[in-house]
Amino acid sequence: MTATTTAKSGVRSVPGAPLLELENVKMHFKTKGDGFFARGTKWVQAVDGVDLTISPGETVGLVGESGCGKSTTARLVTRLLEPTGGQIRYQGVDIAHMNERQLRPYRREIQLIFQDPYSSLNPRHTVGTIVGTALRTHDMVPKSGELKRVQELLEVVGLNPEHYNRYPHEFSGGQRQRIGIARALAARPKIIVADEPVSALDVSIQAQVMNLLESLRKELGIAFVFIAHDLGVVRHFCDRIAVMYLGRVVEEGPRDSLYEKPQHPYTQALLSAVPDIGVVRGVPPKNRIRLVGDVPSPVDPPSGCRFRTRCWKAQDICATEDPALIERAPAQRVACHFAEPPAESILAETA
Amino acid sequence: MSDQSIQAPHTVSRVPRTPAANEEAYLEVSDLQVQFPTADGLVRAVQGLSYSVPLRRTLAIVGESGSGKSVSSMAVMGLHDRRVARIAGSIKVGGREIVNMSDKELEGYRGGDAAMIFQDPQSSLHPYFTIGDQIMESYRAHNNVSKRKAKDRAIDMLGRVGIPNPRRRVDQYPHEFSGGMRQRAMIAMALVNDPKLLIADEPTTALDVTVQAQILDLISDLQRDFGSAVVFITHDLGVVAEIADDILVMYAGTAIEHGPVNKILGEPLHPYAWGLLESIPALTGEPQPLHPIPGSPPSLLAVPTGCPFHPRCEFKDRVGGDLCTTLKPDLIPRTGDLGRTSRCHLKEPDKVFETEVLPRLP
Amino acid sequence: MLLYILKRVLSAISVVIVTLVASFALFFLAPTDPAGVICGPRCTPERLADIEASLDLNEPPINQIGAYMKGIVVGREYSSGGTVRECAAPCLGYSYTLGQPVTKLLGAALPVTISIVLGGAVVYLVVGILTGTIAAQVRGTSLDKLVVGSTLVVQSIPYFVFALLVALYATFLPDSGYHPFTDNPLTWASGLLAAWLCVGLTNAAAYTRYSRASMIEALGQDFVRTASSKGISRRRVVYRHGLRAGLTPVVTIFGIDLAFQLTGAIFTESIFNLPGLGQLTLRAFGQYDLPVLMGGVLIGSVVLVVMNLVVDIAYTFLDPRVRLG
Ligand SMILES: Nc1ncnc2c1ncn2[C@@H]1O[C@H](COP(=O)(O)OP(=O)(O)OP(=O)(O)O)[C@@H](O)[C@H]1O
Ligand SMILES: Nc1ncnc2c1ncn2[C@@H]1O[C@H](COP(=O)(O)OP(=O)(O)O)[C@@H](O)[C@H]1O
Ligand code: SF4
Ligand code: SF4
Ligand SMILES: [Mg+2]
Ligand SMILES: [Mg+2]
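Chains as they are written, first to last, in the UniProt record's numbering: chain A, 1 to 351; chain B, 1 to 362; chain C, 1 to 325.
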């Protein structure tokens with residue numbers, strides 16, 4: 001047992017440990033065999049061995065296609081789910097299997113923002129109640145100071161503080177997302193996990209919300225796990241980006257090297273598939289990689305490398321040996337037996 | 001399906017877009033109005049929309065949600081319930097007027113000369129009928145052929161849209177298909193009668209990027225083969241850049257800018273289009289701060305007077321008097337280039353773009 | 001599929017057994033005096049004891065239930081006053097008051113009730129689904145409002161009032177009464193017509209509303225828009241694409257309704273003087289005729305469970321997503 005110190009809030013920590021560390025985290029959901037022929041239970045390997053480290057104030061992006069396990073990872077980090085394997089260490093202390101009482105102080109420090117600004121707010125509560133409840137849950141301010149703090153928070157996220165007694169349906173999508181952000185900020189978290197916070201918004205509104213998140217990050221020094229499927233949005237917001245495929249991180253690295261010299265075939269294909277406005281404004285890439293087929297089912301993922309059924313580089317070894325996530329360039333880790341940077345640029349070069 | 005070996009990286013290259021020749025328009029929409037009387041008042045979903053698309057060309061209609069993209073294209077397909085929607089103006093397809101067409105004539109037109117692909121392939125296919133059944137129904141509605149012949153045609157179409165093993169797949173139900181394959185099946189269904197006009201309403205919005213790329217390639221390829229006019233609706237300017245020849249930007253039910261894609265995305269003339277470009281993070285270069293458009297799109301129950309964009313426009317002070325708030329600008333050529341139009345009172349928009357907007361694009 | 005049905009049948013049987021045991025406990029162990037009822041007013045203690053013995057009333061409850069169950073499976077014998085009565089396999093005992101085997105009584109009453117309920121179902125399904133579908137298509141118009149309004153009126157009249165009104169005023173209908181179908185289908189139908197109309201029209205109101213709501217939802221679905229975009233006729237869009245999807249929830253409600261109607265046709269049978277299950281059990285209830293009541297309970301639970309099973313299986317045929325998993 002390592003020596004831990006305990007803060008006033010009840011959060012324990014190991015001195016010198018990173019803010020958040022996921023080690024080989026797994027989440028296998030049990031599903032009843034559906035259909036009449038199906039017998040027994042199956043396991044959906046939604047997240048299957050994810051490693052990730054987040055330092056204070058850092059923003060880590062999580063990208064990947066639908067169903068690759070991004071939201072599940074988000075729910076694991078916020079401990080809305082208990083992982084079926086691995087460790088989730090917050091300041092060095094494993095919170096993976098803590099019970100609700102033990103988790104309480106940690107819940108405050110790790111907050112979640114949801115994708116859907118429509119369903120994630122209780123329609124029967126006023127904005128003041130929604131944000132105030134978050135304050136009360138974590139005993140943030142004395143009862144008398146609650147309204148003042150709610151109004152402060154509304155102001156911080158760019159809403160009119162006078163509107164604290166309005167209901168969510170009286171706000172637009174972008175404004176509702178701001179309410180969700182105010183609720184998350186109420187607890188003064190150290191980490192915010194944002195699960196596709198701008199995906200449901202129109203571009204002009206999306207940019208407003210991104211600017212808000214950006215200024216919060218700079219001013220409050222909050223670390224972010226930022227999930228999105230839009231590679232431009234992730235690049236804009238994150239220092240470091242992890243690419244997920246079928247429940248695994250296949251490549252992870254600093255923003256620039258990942259976008260300019262992606263080494264995993266999947267990352268290359270993903271970047272090559274992004275529809276880019278740069279193609280009419282600059283020099284379009286000569287050739288674009290196109291994947292064949294769809295992502296296999298997480299119930300029965302391929303053996304060895306999970307990408308091999310769609311990978312044009314696959315060899316025999318890919319079917320038998322699961323490639324480990326190893327460092328191939330400074331701070332850039334890739335899980336591929338034949339990792340190498342692309343021969344020519346994948347993205348359009350702006351003129 | 002996955003047992004096929006994939007040797008070389010499967011790559012595609014972009015076919016360069018050709019500038020518009022003086023072709024005859026196949027679809028011609030003029031001064032289209034669509035209104036919905038509701039309990040809250042009159043929703044003016046489309047107001048004075050005009051555009052045209054010749055054969056073998058793709059027009060992309062872009063705009064934020066609620067800007068009237070779907071409503072206008074449903075009108076082109078004759079899909080509005082006339083008891084609910086009030087439609088005025090003119091829609092000519094191959095010389096025939098669609099507005100006020102009789103129900104009987106519309107049946108022959110829909111799915112025959114014009115076909116449509118919808119956003120969500122999951123909900124747009126009937127869950128209780130097989131894929132083959134649904135394609136055959138389309139074919140037999142316009143061709144007097146036997147079931148056998150129709151089924152052969154369905155299998156043939158499934159093969160053409162890249163569905164492996166079409167002979168087996170034709171008898172499967174939509175839920176047995178993946179999202180990308182469902183959209184392929186929708187495309188097969190839309191193209192089964194060789195339509196001259198294809199309307200695709202956000203056909204890739206519900207799909208993943210790698211699958212979206214496949215579908216965009218497919219639509220481009222098929223258009224080359226079939227030679228149809230395509231109206232491609234999307235809110236993603238990246239997709240527009242990939243697929244369109246021309247682009248029409250909609251705001252609050254009207255077109256605010258129209259022209260060839262490289263012009264509109266490269267040097268747009270309307271402040272709203274500038275705002276859109278400034279909102280999209282780039283994929284290369286040092287990330288620049290975004291300059292979003294303030295506020296949010298207007299309610300169509302109470303569209304602002306004058307220029308509908310004026311409450312959000314940072315350039316309205318540059319226009320003399322209160323022109324922006326009182327007079328709706330016309331959609332006209334604003335520079336020497338007659339091939340493009342925009343709807344704004346601002347003087348010398350090309351100069352403003354170059355000196356003020358371009359330097360701060362992300 | 002077969003495995004699924006087998007599993008469902010097994011669970012259905014266990015539900016029936018549990019119901020039986022529970023009602024057995026409630027009825028037979030209740031502080032009633034069945035032997036006294038059978039014995040009648042001029043009863044001697046010897047005769048009472050004899051009857052009690054013949055009914056196993058002296059045995060512990062477990063044995064009583066055991067004997068009853070055994071009777072259902074292999075049959076049993078009753079001895080009273082020295083004579084032994086043979087009661088063959090599905091034996092549900094003898095009616096205390098009518099002295100006949102319960103199976104025979106049920107066998108006579110069941111066809112009556114089934115005739116009423118199924119005939120009525122045909123009426124309300126046809127009327128309800130058709131008007132519901134039409135109302136859904138013209139939603140918001142005065143015709144739609146008229147339809148919705150009349151369903152509200154019909155539904156607000158208590159059923160027995162409606163049935164009495166039909167019985168009193170619809171004198172132009174043929175006389176009500178039960179004539180077996182096998183004797184003459186025509187007299188069978190004419191004798192049941194009043195009951196059918198009564199069951200059919202009252203329930204049609206509910207089915208109009210179910211179908212209307214279900215069709216409005218179905219017609220708003222994306223796949224209906226897709227169907228319209230193909231250029232097929234409006235009728236085909238509504239009846240092939242819309243109705244197919246809209247019917248599924250209606251079928252579910254129908255399956256459950258039907259089971260309740262089979263067990264609850266008491267008013268209809270009394271008012272139209274039809275010797276069905278409802279009348280039989282109602283009479284048995286008034287006379288503490290426990291074996292008959294138990295038989296009614298048994299039939300009721302079997303019907304409920306079977307209808308549930310039928311609905312589930314019907315679902316797999318309606319919706320390929322369920323069928324193929
Ligand atoms: N409670 C659950 N039970 C069973 N399977 C689940 C459960 N939650 C998620 N899954 C499955 O786990 C996989 C990963 O899901 P997850 O929601 O994390 O994906 P995602 O990457 O967030 O996708 P998206 O981009 O669509 O939001 C999917 O296959 C999903 O169906
Ligand atoms: N049946 C209807 N009744 C009232 N308003 C409608 C109806 N259909 C669409 N609208 C309104 O018309 C506007 C344009 O919608 P739409 O064309 O679907 O937008 P989009 O550009 O996102 O496709 C929206 O404000 C929408 O709410
Ligand atoms: S390990 Fe093999 S299959 Fe996997 S990505 Fe690398 S080359 Fe492709
Ligand atoms: S007309 Fe005026 S308000 Fe409208 S876009 Fe142009 S400058 Fe802005
Ligand atoms: Mg998700
Ligand atoms: Mg739309």
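There's no promise every hint is true.
[To be verified] Taking beta-carbon pairs under 10 Å as the criterion, some of the chain B residues facing chain C (in silico):
1. 40
2. 77
3. 78
4. 84
5. 106
6. 114
7. 137
8. 162
9. 178
Please keep in mind that the hints were generated in silico from the structure rather than gathered at the bench. This one's a predicted model, so the numbers in the text were calculated from it and none came from an experiment. All C-beta atoms in this analysis are idealised placements derived from N, C-alpha and C, irrespective of residue type, glycine included.
Evaluated hints:
Hint status for residue 40(B) relative to chain C: violated, with the closest Cβ pair at about 15 Å, above 10 Å. For residue 77(B), the interface hint holds, the least distance from its beta-carbon to any beta-carbon of chain C being 6 Å, beneath 10 Å. Interface restraint check for residue 78(B): the shortest CB-CB distance to chain C comes to about 9 Å, inside 10 Å, so the restraint holds. With a cut of 10 Å, the hint placing residue 84(B) at the interface with chain C holds, because the nearest CB-to-CB distance is about 9 Å.
Interface hint at residue 106(B): satisfied, since its Cβ lies 8 Å from the closest Cβ of chain C, which is below the 10 Å cut-off. Because the beta carbon of residue 114(B) sits about 9 Å from the nearest beta carbon in chain C, less than 10 Å, this interface hint is met. Because the smallest distance between the Cβ of residue 137(B) and any Cβ of chain C comes to about 6 Å, under 10 Å, the interface hint for this residue holds. The closest approach between the C-beta of residue 162(B) and any C-beta of chain C is roughly 20 Å, which is over the 10 Å cut-off, so the hint fails.
Violation of the interface hint for residue 178(B) is found here, the shortest Cβ-Cβ separation to chain C being roughly 15 Å, above the 10 Å cut-off.
Hint compliance for this structure: hints 1, 8 and 9 are broken, all remaining hints hold.
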